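Asker: Spelled out from the first residue to the last, the chains are:
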Amino acid sequence: MSPLRPDLHAIAGLVPQGATALDLGCGDGALLDYLRREKSVRGRGIELSEAGVLACVRRGLSVRQGSLQEGLADYPDGSFDCVILAQTLQYLDDPTWVLGEMLRVGRRAIVSFPNWGYWRCRLELLARGRIPAAPDLPQPWHDIPRWQALTAADFADFCRRQGMAVGQAIYLAGARRVGVWPNLRAKTAVFALQR
Amino acid sequence: MSHNIDLVSPCSFTFAQDEPFQLESGATLGPVTLAYETYGRLNADRSNAILILHALSGSAHAAGRHAPDDPHPGWWDDCIGPGKAFDTDRYYVICSNVLGSCYGSSGPASIDPAGGAPYGLSFPVVTVGDMVRAQTHLLDHLGIERLLCAAGGSMGGMQVLEWAAHHPHRLRAAIPLATTARHSPMLIAFSEVGRQAIYADPAWNNGEYYANGKRPDAGLAVARMVGHITYLSDASMQQKFGRRLQTREQYGYEFQTEFAVESYLKYNGNAFTRRFDANSYLYVTKAMDYFDLSQPTGSLAAAFVEAAAVKFLVVSFTSDWLYPSYHSKELVRALHAVGADVTYLDIESTWGHDAFLLEVDTMTRLLAGFLDRLSEEEQIAMP
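Heads up: the protein sequence lines correspond to chains A and B, in order. Taken in order, the first sequence gives residues 1 to 195; the numbers are from the numbering used here. Taken in order, the second sequence gives residues 1 to 383; the numbers are from the numbering used here.
If we strip away everything but chain B, and leave its shape as in the complex, we get:
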């Protein structure tokens, strides 16, 4: 039987105080702080660690609650906990907030020690590669030489692939879900619409709004609304909203929020502005847009030559039009070309991109089966 994790406390780790952290762009950053949480216990030979990587708007709070009266548990609580897919009775699960985000890790809203004020746009542009290299410092700090696996969906999946391609000796297995090894032009296009919505908000003020009373909430809300549309599917929107009117019986013939789908987008757009920073949205979407593991050679297989010993579980979802299955199939082909051990499933689902968080039963069977086998083959001891 599975049950939930009790209370968890957020942790924080700071490095690059003396020697600044070198970024892919050539810029440097220091000091660098990463917020993280851990669940479960590390075993004696430190071999049972699983790194969970979050998506665009996620945080280090992947499971459990911070306070007994927290209305919501962590973002992947369905799959992390005692007896769940990532079984915290057996594995030591770590999740850290990405560089550039706004949930405790260094980002544009953090205070620049040089000026004593938030960085704003003076924060250097970061990449998925930078996010992952920062995580390697966290693992060093936690004394973990090699992960049992890294797992995540969407941008979390990109980090998983970055781990496998560029730090293959530090993980035994990789679980990229609903993701891509190279961000497509369509994905860049949606990122850019979100960013343009933020730029167009006068309150954005070139990223310098932290000292002002007004934040670019209108722009960020529109960005989030566009995002939400891309996470759903035609079928899931039909199912969830249909043409239902939210509060009325009849059309009002005016420009108020009428349809249930409008109301949903408006609510989520606004709610997002209370929990996310507009500048972080710019930085994190930009990092995704730069993500392309086929560079510099042009061959995806070349990126994974060193990762032939990593075991992969690749999952896509049939109704995910944001990261369509062909991205995962292309990845699987590249992995097979280098002789890696790959399991691939295109899960039948109507939930669109969100499916990786919603198809809990299928995901649990898949993840638990894969991790059982991994633990057996790698002889992972209980904590």
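Bound conformation, chain A alone:
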């Protein structure tokens, strides 16, 4: 079994033992599978791609195919302990709505995203005048779905404005955790939010 991506590992650490969880854009179900195995989490997923859903079913997971808009609207208030959005925030059409929905459907929202505040990204734009690819995401801007570049500090501001309490924030450079100057030194941020 391949090791879990570092941000997924950090997310898994924020999900309590035996909790219920909804993973938005769950892909092939690697995180849900890990959570079930290691933490007895009862998980569900929402995934757009047929290949992803088939892979999840193969792993014995329950997944609803569809967009996040369709999928989230299915669930009554407070259906889950945790709602997870891993490395998907930057692709969303309406992040404000999705984050609001996450905190309606779940008691807790856990979000991971690439931090464009990372020093190499800053340098790329400042010194070379080039839009930086997201840290930890290998593709250049023209090969991936439209993304919004945001920094960990942007997201913290956003949460404050939306009245979402940041329970915990984990900053990662690869698998290593970053303590000092996170917005400059972290490639990926993981936030746990509460209403």
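To be clear, the hints were calculated from the coordinates, so they are not data collected in a lab. A portion of the hints provided could be inaccurate.
Derived CB-CB ranges, DEER-like [to be verified]:
(1) B:Arg365 with A:His9: 49 to 57 Å
(2) B:Pro383 with A:Pro3: 35 to 43 Å
(3) B:Asp361 with A:Arg195: 39 to 47 Å
(4) A:Arg42 with B:Arg275: 42 to 50 Å
(5) B:Gly339 with A:Pro16: 50 to 58 Å
(6) B:Arg146 with A:Arg42: 17 to 25 Å
(7) B:Arg146 with A:Pro16: 27 to 35 Å
(8) B:Tyr326 with A:Arg107: 25 to 33 Å
(9) A:Arg195 with B:Tyr326: 27 to 35 Å
(10) A:Ile144 with B:Glu348: 40 to 48 Å
(11) B:Gly26 with A:Gly78: 15 to 23 Å
(12) A:Ile144 with B:Gln250: 37 to 45 Å
(13) B:Arg146 with A:Gln162: 44 to 52 Å
Which bits of chain A does chain B cover? Going by a derived footprint, with three or more residues having C-beta under 8 Å, they are [unchecked claim]:
(14) 13-27
(15) 70-77
(16) 140-147
None of these values were measured; they are calculated from a predicted model. Ideal Cβ positions, reconstructed from N, Cα and C, are used throughout, including at glycine.
With chain A fixed as given, assemble chain B onto it according to the hints.
Answerer: Same frame as chain A, now just chain B:
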């Protein structure tokens, strides 16, 4: 590796000989006969039974062959057999012909014991609910308290949902495919066109044609032709027929069968009259038209309150315009609202409604994965 089932024999079960079977309409029927077939073996604790439910024109003959020289195997042979999606090395698979049909179960063509002649229109109108309650008697007879799952497409899917909504304690999982929890006005409209074609055939004679030499074949063939159109899609018809002429090089400028698509419909319409009863077509389409699980409350979620413990695999197909995906999405929403465990996939396909029988590879991966997990979670022993 998967292989095919050997020879199978049709079975039959009769109940309600003393106490008549109560129907949803208030009418009664007795005795009631159900034709059925089984594949595979029941395990020691009788927990590995899967009930397969057929669509409008289907029969209990879901897999295998009745004779070595049978040209066609059962209607879902692609998915039922050793090593296939419904793996008969592991599961005990049952399929029964629905009440009102004409393949061995009680229907309008059956002999009314009171008069000694076929029922015709004196056969009571039945519902999907009645079909399923009749199946519960068959399961009692087979000694199966609780199914591992019920699975089926189209009207088979309606029966699956009826099982889940009204007999939730008798199944662990439900697999409704290309179906709906409430028949739409468009579906009722197509049913009615089919029925009108039968009524308009003078040979139909108000349903009393069994003793006559002539059956309402022309009407039934048109009904089937309309049906066939609704099972295909614009893309699949383009692909399958295009504007090809069946036998000619050039247009004949006359009213003969010219286009390949015309020829296909004519052939299938006629072939259908040799294997199906016109009155059964009326009864079974009527049963589908009455199907609406949101009644009496108006809320679909209310129908599934008792089914929260049932695990669902819901599948729709992108090109199915007869049972468009929104029907399944509405169902999935209702199931999520009651907290049921649901997996849903809208399979990309150009085959229209027929896709549930044709997308064998994707269906096999999906069904096998879902059933593997079910067997593991429910600790289902091998037979």
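Asker: Would you mind marking each hint as holding or not holding in the structure?
Answerer: Hints, one by one, checked against the model:
1. B:Arg365 with A:His9: 49 to 57 Å: With Cβ atoms ~29 Å apart, the hint is violated.
2. B:Pro383 with A:Pro3: 35 to 43 Å: holds, 39 Å
3. B:Asp361 with A:Arg195: 39 to 47 Å: holds, 44 Å
4. A:Arg42 with B:Arg275: 42 to 50 Å: holds, 47 Å
5. B:Gly339 with A:Pro16: 50 to 58 Å: Since Gly339 of chain B and Pro16 of chain A have Cβ atoms about 20 Å apart, the given range 50 to 58 Å is violated.
6. B:Arg146 with A:Arg42: 17 to 25 Å: Taking Cβ atoms as reference, Arg146 of chain B and Arg42 of chain A lie about 22 Å apart, which means the hint holds.
7. B:Arg146 with A:Pro16: 27 to 35 Å: Between Arg146 of chain B and Pro16 of chain A, where Cβ atoms are some 33 Å apart, the hint holds.
8. B:Tyr326 with A:Arg107: 25 to 33 Å: Given range 25 to 33 Å: holds, Cβ gap about 30 Å.
9. A:Arg195 with B:Tyr326: 27 to 35 Å: holds, 32 Å
10. A:Ile144 with B:Glu348: 40 to 48 Å: Between Ile144 of chain A and Glu348 of chain B, where Cβ atoms are some 22 Å apart, the hint is violated.
11. B:Gly26 with A:Gly78: 15 to 23 Å: Violated, since Gly26 of chain B and Gly78 of chain A (Cβ atoms, about 43 Å apart) do not stay within the stated range.
12. A:Ile144 with B:Gln250: 37 to 45 Å: violated, 53 Å
13. B:Arg146 with A:Gln162: 44 to 52 Å: holds, 48 Å
14. 13-27: Check failed, 0 qualifying residues.
15. 70-77: holds (count 5)
16. 140-147: violated (count 0)
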